[in-house]
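Participant: Chains as they are written, first to last, in UniProt numbering: chain G, 1 to 467; chain S, 1 to 467.
It is possible that part of the hints are untrue.
Any copy, or any two copies together, can satisfy a pair, since identical chains are not distinguished.
Said to hold, decoys possible - Derived lysine-lysine pairs resembling BS3-like cross-links, with alpha carbons at most 25 Å apart:
1) K240 / K263
2) K166 / K286
3) K263 / K242
4) K390 / K380
5) K208 / K198
6) K287 / K166
7) K208 / K286
8) K249 / K456
9) K324 / K44
10) K7 / K286
11) K7 / K299
12) K444 / K456
13) K355 / K404
14) K240 / K311
15) K153 / K286
Simulated from the structure, these hints should not be mistaken for laboratory data.
2 protein chains.
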Amino acid sequence: MLDKVLKTIHENSMFSVNDKVIVAVSGGPDSMCLLHVLNRIKDKLNIKIIAAHVNHCLRGNESDEDEVYVKEFCSKLNIDFYSTRVDINRFSKEKGLSSEMAGRAARYEFFENIKSKVGAQKIAIAHNANDQAETILMRIMRGTGIAGIVGIKPVRDKIFVRPLIKIGREEIESYCKKEHINPRIDNTNLTNIYSRNKVRLELIPYIKRNFNEDIITTLNRLSDTVNVDNDYLEYISSQKYKLFCDEKKDEIIIHKEAFLEHKAIIARIIRKSICYLLNNTYNFEKKHILDIINLQLHKTGTNLDLPKNIKVYNNYGDISIYFKNEKIINKDNNEYELFTGKNIIQSKKIIITIKTLSKNNRVNFKENNFIKYFDYYKIKDKIILRYRKKGDKFIPIGMSGNKKLKDMFIDMKIEKSLRDKIPLICFGSEIAWIVGYRVSDKFKVDENTIKILEIKFESEANNDRRY
Amino acid sequence: MLDKVLKTIHENSMFSVNDKVIVAVSGGPDSMCLLHVLNRIKDKLNIKIIAAHVNHCLRGNESDEDEVYVKEFCSKLNIDFYSTRVDINRFSKEKGLSSEMAGRAARYEFFENIKSKVGAQKIAIAHNANDQAETILMRIMRGTGIAGIVGIKPVRDKIFVRPLIKIGREEIESYCKKEHINPRIDNTNLTNIYSRNKVRLELIPYIKRNFNEDIITTLNRLSDTVNVDNDYLEYISSQKYKLFCDEKKDEIIIHKEAFLEHKAIIARIIRKSICYLLNNTYNFEKKHILDIINLQLHKTGTNLDLPKNIKVYNNYGDISIYFKNEKIINKDNNEYELFTGKNIIQSKKIIITIKTLSKNNRVNFKENNFIKYFDYYKIKDKIILRYRKKGDKFIPIGMSGNKKLKDMFIDMKIEKSLRDKIPLICFGSEIAWIVGYRVSDKFKVDENTIKILEIKFESEANNDRRY
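The shape of chain G in the complex, shown without the other chains (with noise of 0.2 Å):
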């Protein structure tokens, strides 16, 4: 087992000498294994290791027994050790999340705020072979491309290691046994009951009955070839990308040379085009990716719509792709839906401008009328823009029942005129903002945010009153 763990860790250069090692544990077999194999080979390693633990509150008693077995199995090897409380069942009903997103969402950001907090270089997961071979079953039957059978990667970011990516469910369970080790059994699996658990309870018991019986070892092995593939093309392509792409403000220009390149390569040269662009490519099909290829066949002036905004254009062979982030909304309905950057209403004379931040982004929450920040996962629906109905009602901040609109505006003294003025940030049929005043309770940024958007406001009369 040592000497798998330590061959897993030098192929993938996990460790640097001195580095500290966040290692995540919940108690269960693989981070008890993980925390006891790199207990025993950190001096070998030149390596200082730390516990994180994350109790999800979701087991009452249990949860509590978790943190203490981590804890005291810590302090019996002298290993540094922190914990966090969070309640995942409210988080992730806040968030709408599924309890595993949720839990994913709050572990992840724990064991980066430790890392900060104690200069780590490292985060250690306890992924084995059996979860590599789930996940790219999972991967296989929802539809993926060879990235996607690369499955988890052994080192992710250059910060995420997993040291036990090598090694199958059932060599950590009898490690533990020989070791002494009495992991904590979660019979509660957060996993989501209707995919991963099927696929390991059912799907590769069935393959491994009927198929091969080595069917976990024969997709780590897939995982490990494909992986040598996409790293080339993935090396490839980016070597393309910097020599064909021009990366501008809200925009990227792709050269035709580019287009004369092989189609795995231009396919992924468009896609790290709008990686740059929007930071990811989900809504992005393999679909969106071919128009692209087609648009460049034809005549200059072409241009293509794509989702989240994203425009392309033919510019005599060249690419470019932008970002429309102004959208000019000439139609006057007193109802506009609004977009992610910069949206002019033009009869109004208003300029809301939208966007996203991570949690990380420095948000200066300073009082401001115009600007206002939300919880980006509360939001489920629309963004409009409108005035207001009959009926309209809102939940100030600090509070949790609804107050009729109507009630809002005599209490905050608005005259009757200019009440019909007044615009109201909704997502879907809820008011978010009554711009100027008030934001709603229910889309507030709070200790759990992931995600925030900003939403600014401009108008000619921002500078000289409230509405």
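Since the structure of chain G is provided, determine the placement of chain S on it from the hints.
Facilitator: Just chain S now, with coordinates in the frame of chain G:
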């Protein structure tokens, strides 16, 4: 349906104008649909189609009725029709092949024969999108790399084309219904029950129910994506192969610069090198490829033994991979195991050269007492040269029963003093050739032989006399 098929044909450049196309037709839904569709679009494509059917004689009357059915269908549509009868049961027993493999071998041989006979350019086969999905799943479960995940190629060797590869089984069945084609249903599916049928009838329905209703499309999309990536990797590594490799007789030199390439590329260069020597990479695993890459890091003069008589030698960083086709046998125990290539038995001053030939090699079967041909697939055991033992038996050609070797020697009027000196070529425990005199009936080349083993015997005595 027609549009989808035409799209597949165009995207894969399946046909050229004036192509003669052999359509492989079993009488089942897939191939009848293929024949019907191609017949409808043949003028548009400017191709000529010819139907070819193999009667496998596996289901008595029913097999004959299949043949009649296809024949009459073709005659109604005025399509040229060729057929042949192969007793697959006998054929598979003779060859020790599964009936699936035997059927496949017989069909491909017949189609290629008709192709030469009528001067056709293409052979169209009715694989559909479900076959594709099943193949991919089977390969993933058995173990594969990205080349395997590509699955069934739309075009192979620029000869075999699969116009229905994007059409699902259900769509084919409803096409048959709509066009009043009443295909023959073969209930005794030749397919190995323990793998493909299990995938088709159990695994895919299970995935549909539990994970993805659209799994067939998803897997076909995976194949398309991976195909593009694999094509690029093959293209680059072919170019690098040409650049860095010197092809010699029974040897290939990979120059040291090749080892600076990315692992994805050097691994493919090495595979191509082995292919150059052996025509395939059967018996070579990832481990062997890594061994060669490691050898290159060692000092000059180090070497490596690989399967199939392949040797690898590090010559100042250049890697020479060669076919060790000369085996010098020094030991002298009167029983020698022989290998493909040149076997030199020094003490006896004997050279035996063994090679494999495909049936298409123009073999000169004319009487030569010292070069003999055997059916490669009838040989299940080691090839051995030895001398007579007590109790040896032999089945002379044209006979079905064993004869005592002693009686044979008497019949052939070979004097007693010579009998111990006559070499016997054996396959395992069975005598295949009394060198200089007779070959066994058991291993003879017949009309069903696909691959031939040629054994050439040379010794000082050769030219003077028989043994």
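Participant: Each hint: holds or not?
Facilitator: Going down the list of hints, with the structure as the test:
1. K240 / K263: Classified as both; 13 Å inside a copy, 19 Å across copies.
2. K166 / K286: Close across copies (17 Å), not inside one copy (32 Å); limit 25 Å.
3. K263 / K242: Close inside one copy (17 Å) and across copies (22 Å); limit 25 Å.
4. K390 / K380: within (23 Å within a copy, 89 Å between copies)
5. K208 / K198: both (14 Å within a copy, 13 Å between copies)
6. K287 / K166: between (35 Å within a copy, 17 Å between copies)
7. K208 / K286: between (33 Å within a copy, 23 Å between copies)
8. K249 / K456: within (20 Å within a copy, 75 Å between copies)
9. K324 / K44: neither (54 Å within a copy, 44 Å between copies)
10. K7 / K286: between (37 Å within a copy, 18 Å between copies)
11. K7 / K299: between (54 Å within a copy, 24 Å between copies)
12. K444 / K456: within (15 Å within a copy, 88 Å between copies)
13. K355 / K404: neither (29 Å within a copy, 93 Å between copies)
14. K240 / K311: within (22 Å within a copy, 38 Å between copies)
15. K153 / K286: Close inside one copy (23 Å) and across copies (20 Å); limit 25 Å.
Hint check: violations occur at hints 9, 13; the rest are consistent with the structure.
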